[in-house]
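Asks: The listed protein sequences correspond, in order, to chains A and B.
Counting from 1, one number per residue, gives the positions in the first sequence under this note's numbering.
Counting from 1, one number per residue, gives the positions in the second sequence under this note's numbering.
Calculated from the structure, these hints are not laboratory results.
Ideal Cβ positions, reconstructed from N, Cα and C, are used throughout, including at glycine.
One thing to keep in mind: the hints can contain errors.
Here are the simulated DSSO-like pairs of lysine-lysine, each with C-alpha atoms no more than 27 angstroms apart in a straight line [claimed, not checked]:
(1) Lys126(B) to Lys350(A)
(2) Lys355(A) to Lys208(B)
(3) Lys126(B) to Lys208(B)
Here are some, though not all, of the chain B residues that point toward chain A, as calculated from beta-carbon distances under 10 angstroms [said to hold, decoys possible]:
(4) Gly41
(5) Phe42
(6) Ser43
(7) Leu108
(8) Gly109
(9) Ala113
(10) Val117
(11) Leu125
(12) Ile127
(13) Gly136
(14) Val182
(15) Tyr185
(16) Gln332
(17) Arg338
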Amino acid sequence: MSRNGLRKREPPTDTAFLLTITICMFMAMYILAVIFLGDKGFSKPQTFFNLLNEYAALIVLSCGLSVVMISGGIDISVGGVTALICMTCVVYLEDAGGGSTIAIAGCVIMRVLCGTETQVYELHNLVIVAVVLGCLAGMLAGAFNGILVSVFRIQPMVATLILFTAGRSIGSMVLGGNKPMVHVDAFSYWGNFIPGIPIPTPIFFALAGVIVIFLVLKFTNLALYAQSVGINENASRLNGLNPRSVKMMTYIIMGVCVGIAAFLQVSRQSSINPITITKNIEMDAILAVALGGNALSGGKFSMAGSVIGAYTIQALSTTLSTHNVPSEGVPAYKAIIIILIVIVQAPVVKEFFGKFWGNLTKKSSGTIRKVA
Amino acid sequence: MSRNGLRKREPPTDTAFLLTITICMFMAMYILAVIFLGDKGFSKPQTFFNLLNEYAALIVLSCGLSVVMISGGIDISVGGVTALICMTCVVYLEDAGGGFLGAVLISLGIGLAFGVVHGFLVAYLKIQPFIVTLAGMFFARGATALVNLDQVQAKNAAFTAVSRVRILIPGVGSFTKRGVFVPAYIEIGVIVALLIVILLFLMLKYTKFGRGLYAVGGNAQSALMLGINVSRTKFFAYVLTGLLAGVGGMLYFLHTGSGSVVQASGLEMDAIASSIIGGTLLSGGVGNIIGTLFGVLIRGTIYTIVTAIGAQGPWWTGITISALLCFFIVLQSVITSRKKR
């Protein structure tokens, strides 16, 4: 809390500030990696693209998240909680513990493609049909969450907890307990490389996703509405907006993103195991969004931040695994980074440093005056 | 609260109402199970005590979550902490040749450390509990992998002796097919868990700290104005939860006797779900430890029923529990909206 009774807003440069930190961190990390680990492949441009490839699903997801987040964003005065919670929960749900919803969507996709067989050499349906159905499944899950959040006014975290516990089970049910493998080359192109093109295919999806969402946010009222609902739900209701439908909308958009992310993931692996799919993404998605400067600033968002955040994390993971850290141990390091970031962002710490900085500049200006 | 004549509450308080629903639901479920699935072992008292044996650790963890949820926070790290404790203890017992008492101290220490860090970050630096404990969860999981990657079974003599202690319950038991009386038993963990439930119940009901938790969770601003030290209450709520996570982790270890990286995955969600089913509001200020106990038992009963029926596939447990969770969450939301009117 600030010293005066009237709450002082944080300067709006938070996002920019955090974004700068993130970009610097990414640059520093990558450059260091190139210098010290150049012989392990970091100097090749391919490594850079591989980062993108591995994280394309996450980027698509982050875009969806940003949208949900702005609508879930909240007036700082109410506690600044919901933005983060909403977003993390959605993350937690969407890709959480490995993305329960991704598991559902992925299972639907695979079910459509594979029928009930476990080893598939010929797809049963067109890929596009599967993707559309997968997106529908994602939208359905999104709508379920949306209804709980907007109509029943349940905290997003709790609401998404339901699907979190059920998601993987539903996925298994859809597949009838199978874990199908697809042995069709053309199917794996979507998640890996189209022969002859050095850039991995998911990057196109990620780029398209970023561009589409960016355009939608730029040229429609969605961003404005979502943002105003996020900042103050009551005020926007009094201004004639329907917060319920806006929230529903954002959750459904998120669902589409989930469907696409699930498709990329499934295609990448050419198989699916609903229990383990996207098991570790959740933390990364949260990190991505937090690193991108979205974390504690409800109603504000930066998509570029999320994308770069995703990039930074992948660079970190790659660096750690080059250092022979077991992949199960990586979360420990990431957790430390998350904690450091949130500590830097914590209002109390900020205020402390603000005072400190203020005293410092006051003192120095005083001395200068004296000298003069 | 009731002594205060100024503020008159609606006759059945939310806590009591939710608690009643939970207990009734458990009773109904168990009685139905006894009637319809009696031949599958539900008529034996041991089935009931096995629920306790199986879920002693979860009871303790859920109690911890109830405490922190009553104070208006959340802790999703308990599953990770449990895994870390199991792994550390098993490594300590097997590779370092430590004793049983040392293992207990280690588990309490780990739990306490997590609790203190979480409490400090949440209460004094005012960071969202979800993010803090999420980071805690990942740290615990990662640290588990850094301690040891393989699955290890504890073979320490003292440890196995303690874990195999069976306390017979006089006069309760069942007859085998040959007519031999087999008394029902509980494990040592159940005693610890029930003791903790009673202690926490008394603490929440009668101590200053316990009542402070409800006040802070209900409305932190008014609690502050009433002269309650909000930050300190929150801090100690997390410390207590951490400590309970330590105890719970130890009980879990005692029951399973092994450590592995993927252990106890999703345990935090089980604990949260049990707590909610037990009538704790996630928004804080409402909750009851007895309800939490029944929440865990309901979860266990569902699991046992699903296994007994032998439903087509293990996924039905997850779906049933989510459906139940959904029901309770919607119910809670209806209650809160009714209150606002």
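Asks: Which numbered hints are broken by the structure, listed smallest first?
Replies: 2, 4, 5, 6, 7, 8, 9, 14, 15, 17
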